[in-house]
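Using the hints, position chain D against chain U.
Heads up: the protein sequence lines correspond to chains U and D, in order. Mapping to numbering that gives the first Met the number 0: the first sequence position 10 is 9, numbers consecutive. Mapping to numbering that gives the first Met the number 0: the second sequence position 201 is 200, numbers consecutive.
Fair warning: there could be bad hints in the mix.
[What the hints assert, rightly or not] Partial pick of chain D residues on the chain U-facing surface, computed with a CB cut under 10 angstroms:
| # | residue |
| --- | --- |
| 1 | Q398 |
| 2 | E454 |
| 3 | W491 |
| 4 | M495 |
| 5 | Y504 |
| 6 | S604 |
Quick caveat, the hints were computed from the structure, so don't treat them as lab data. The beta carbon of each residue, even a glycine, is placed where N, CA and C say it ideally should be.
Protein chains: 2
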Amino acid sequence: MATTSVTSGFWRDRLDLNRSVSMPAVLKTFEDTGRVRALTGDLRPGEAPHMFWESDLAKWIEAAFIEVRQQPDAQLLQTAEEIFDKIIANQESDGYLNSYFSAGELENRFTNLRVRHELYCAGHLLEAALAHAQLKGESRFLEAMERYMDFIAAEFGPEPEKRQGYPGHQEIELALTKAYEQTGKAKFLELAHYFIDERGRDPKYFALEDDRLEEQIAGLNVDDRRGRYAEHAAAHSDSHGDRRARWNRDHSYAQAHARPVDQATAEGHSVRALYMYSAMADLARLRDDPEMLAACRTLWRNIVDRRMYVHGGLGSAHIGERFSFDYDLPNDMAYAETCASIALMFFAERLSRIERRSEYADIIERALYNTVLASTSRDGQAFFYDNYLECQPEFLRFQRRRRGVRDEYHSCSCCPPNVLRILADLGRYIFAEVPAGLEVHQFISGSRQLVRDGESITVTQTSDFPWKGKSRLDVHVSAGQRFTIFVRVPDWDPAMSIRVNGERYDYSLDGGYAVIDRDWQDGDRVDLAFDFTPRVVRSNPMVRYDVRRAAVFRGPLLYCLEAQDNFDNLNSIVLPDSATFEEQSDDTLAPGCIVLSAEAVALTSEDAALYTTARPTQKPVTVRFIPYFLWANRGENEMLVWVNQA
Amino acid sequence: MATTSVTSGFWRDRLDLNRSVSMPAVLKTFEDTGRVRALTGDLRPGEAPHMFWESDLAKWIEAAFIEVRQQPDAQLLQTAEEIFDKIIANQESDGYLNSYFSAGELENRFTNLRVRHELYCAGHLLEAALAHAQLKGESRFLEAMERYMDFIAAEFGPEPEKRQGYPGHQEIELALTKAYEQTGKAKFLELAHYFIDERGRDPKYFALEDDRLEEQIAGLNVDDRRGRYAEHAAAHSDSHGDRRARWNRDHSYAQAHARPVDQATAEGHSVRALYMYSAMADLARLRDDPEMLAACRTLWRNIVDRRMYVHGGLGSAHIGERFSFDYDLPNDMAYAETCASIALMFFAERLSRIERRSEYADIIERALYNTVLASTSRDGQAFFYDNYLECQPEFLRFQRRRRGVRDEYHSCSCCPPNVLRILADLGRYIFAEVPAGLEVHQFISGSRQLVRDGESITVTQTSDFPWKGKSRLDVHVSAGQRFTIFVRVPDWDPAMSIRVNGERYDYSLDGGYAVIDRDWQDGDRVDLAFDFTPRVVRSNPMVRYDVRRAAVFRGPLLYCLEAQDNFDNLNSIVLPDSATFEEQSDDTLAPGCIVLSAEAVALTSEDAALYTTARPTQKPVTVRFIPYFLWANRGENEMLVWVNQA
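Just chain U, same shape as in the assembly (with noise of 0.2 angstroms):
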């Protein structure tokens, strides 16, 4: 399979830090907490095993193997694949491999869908496992999955002696049409298919589930009732503080309120949604699904249309994790949980190899350059789980929630392995090869060779993003060549500039893309240039927290104020209605980071009343912007990305 190197530039640098920093920081994390000795049964007294970690590991494993796929490490490969021979060490005999439920109660398999993340876990590890094999052609681990995934399919289905179910937190969905793709073994689709087209169905299976429960825990003795209904209690809560009580069969917490085919909001927990859809997306595609595709389109529409943060952030509940409903996108009391930016570049990615429309790539753009990256701390040792847009601390500590500071370690840990493995696999994203030719999606250094007609092409992308709008793209050829290379032209530059071996090129558009559609010879040069003017970004007046304030873009790049560069109450200032930005380099916050500054003005007030019918004073400031990705690296601070504007 064709795949895309990172050879250089600003993500080559981000890259190489995910390795050499990133990957071992987290991984010592997972090691101490015992996330490695739980699959030997070597946890320690205190320390208590948990449904997800295999999940975790499998996300590190799959980060590590596809790294070494694009660079050889012996010592990496060793660790990923020590970890994986441990995990699938505990494999039953019948093909069944979860060590949680392998080591305290085999019996307990599969009774709890909803909650206990058992085929998550399955999911990941299968993931993992097609990683080893892209690696090494035969793999010990994808056979151990792939026994795994028969006894899924011999357990769920619509026949009647199997159950009638799906996961509560999907993923499995979006692994197995991955290995149908990577195998060409038709069950795994078959399966993923039956997950997606079984869920949301009347009698609803989460109901059912929980009718079993109680049940089962009415026919205990009261001393077992007891540490089962605990259990049950616990098995109930939604993750971070969702009680029993509220659970109250909210089917669409799961996504399982209606069929996935006729949902037409993002709703529920949104990694679980994103996920699914990604899946649903990949369905439309290898099943040729055209009312797959139609859900999948409302979907997306929704969410980029009224769910989602300017940042790519998704999930305005944090009670939940959740969506909440069209508009309701607060700042300081966002979620946008960094799995979901990454989930929701999974689902355009997906979407972009169905169709041609920039907005996807796009929206990947939005959430890599922001979100995702923002999520990780400059030093490579700490994460963000959610990822706020505007942060004041002393609220946030009354609000109980996280302070605006990364975290080198969450109990919670899906979010840092998930950063590793987008950003090994992020190659992934910068081209994509398509029967005319080759589509640009992304302006990243990375180089990609296609064979077509037998020939050998390599294109090879040098790009200064994100700190300067130029980008070139280098075309070697064997032999001259007829094809097309589609060139995004981003939403926030449409009258982005292509010369072609030095002559402007004026270009017409195939759904949102340039296309430059010639013979190519050897040594053919495209050079791009895009307009990096700091620019003014404003939500539409729906969203309430936002009225009238200003979002500040240059590139792809969202900036944010910091009271580090400015002072405390960030609200007071006001920009004026036609800001205008002076650009500044900052090598001290990041090799070749350029922050903006802005004449404002800073409203304050003469007395010390609370309350008064006078105005405020208007007080002239320059303020200080700086890339939301960098923001929280100098300590706990107010930071505020929609910044109020005449």
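Below, chain D without anything else, positioned relative to chain U:
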């Protein structure tokens, strides 16, 4: 003791509703939920008593006794006395009185003061008993409560053989100062002083108590321990959602972080805080303690200059029902518990007894006409616990908050009976007799008798508040007398005009009160005229939530927008810089009600995009404001106090 009767007009109607509808409605919820039956051990299967229940009943009983004192009602008196008789029937032979502990765990009395509210209940029962004694002279209830207070005084004190403790929820302190004033018995004042004086000293009592509880649990056998751990964990949960892990010995939650006399900022649970400050003000006055008075003034300034909502609400953080930090006044996440504004009235009224300063009565007016009045539905049957300044029902749903509809019953029922008793006692806030004469604090129709130099004086106020800015005082004297009437000049109308017997009266000011010092003759008449032109109030720009927003007032009444008078997304409305308001009558909303309309613009978007560099469209609209206290009487809908202003 001289009292003021509320004679006619808006408040007479409101008080009649309080007595005829709200009092029986609240009692019914108490009876239905077992609060009365619990006293005689007659709870039904599935019902469990709660340690706060006696305080709920006590406030209802106190309200009943105050009502009966103003207007005899044998049935109401009998109902209240019967409940109180059931309460004191549980008194232990040693004087201890708490049916919750007597019924199940007398051995644990006074072992968990931080959480278990025994002394809080004791305080409310003492207040109810004092109201009975005011009504009847002799009172078996006051005798019983005096026995209980003697028992408490024998348990708590600086002597080594006593407990050096104090309540987790203050209340008893202000009840004790009231008992001292009413009975003249110094022991009550001494105990009140002890509880305040001991508070915050090191080592912290609550930490020692916590250690003892941990030790006690550790000494139990395993099965008992499990139960006690659960109970201890529950006991360590501060109200509504604070988990044990979060208590973490945060002594500021119950204002035990420092000695009260050294406290300078309003911290922790807002009701506990304000009850304590009220007792501190009493102690400052009754013990002539300048240090205590200085602390009260400092705390007052912190509250009114930095931590009070524009409607007089206190407590910004719903988690913990507490104060947060300076200028943190979120509108849609506000807590602003009804009880806290009632307690603010307590504190302000006590300070006004120490010094003539119109700000105290200004704040009473603000809280009374807005938060307190708003807390009850128009029909008198349902109550707010939280008092939002912005309501988006769907947002609140996802934040797990009450959705802006008053409830007929709250399982934690502190607020409804607190409203009952403060309205029953409203006369207290209108006038105050002072050595030089009479202060007029509130512009509420009412009549006050006083005796000076053996001569009877009656001052009767007839007010058109809150709908018209006129009020009139009629003075009846048995013989001509020289004395001063001090009339509050409200902060919102420093040019308030006064006519005496039709002649314009040029007044001087004393502490913000117009001084009318003259030889009063029978039949003298004072006319007060206020500017009720709607006015726009702005927050200090340090309040990040209210920057470039306006709150509209007319006289003492705060106004707000509701969606059903306007349209959804009230934040899209922008008032012009110089907004003008047209007044209209709307008797359908409330008899005599004045609503306001103003020309404004609504921001809308031409396209469906969520983010755009384009400016929104400004659509001219006429918007309609209603009095804040009347919101949420026509079903669930959006509401906004702080409206965008150009």
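Here is how each hint holds up against the structure:
no., hint, in the structure
1, Q398, "7 angstroms, holds"
2, E454, "42 angstroms, violated"
3, W491, "8 angstroms, holds"
4, M495, "15 angstroms, violated"
5, Y504, "26 angstroms, violated"
6, S604, "5 angstroms, holds"
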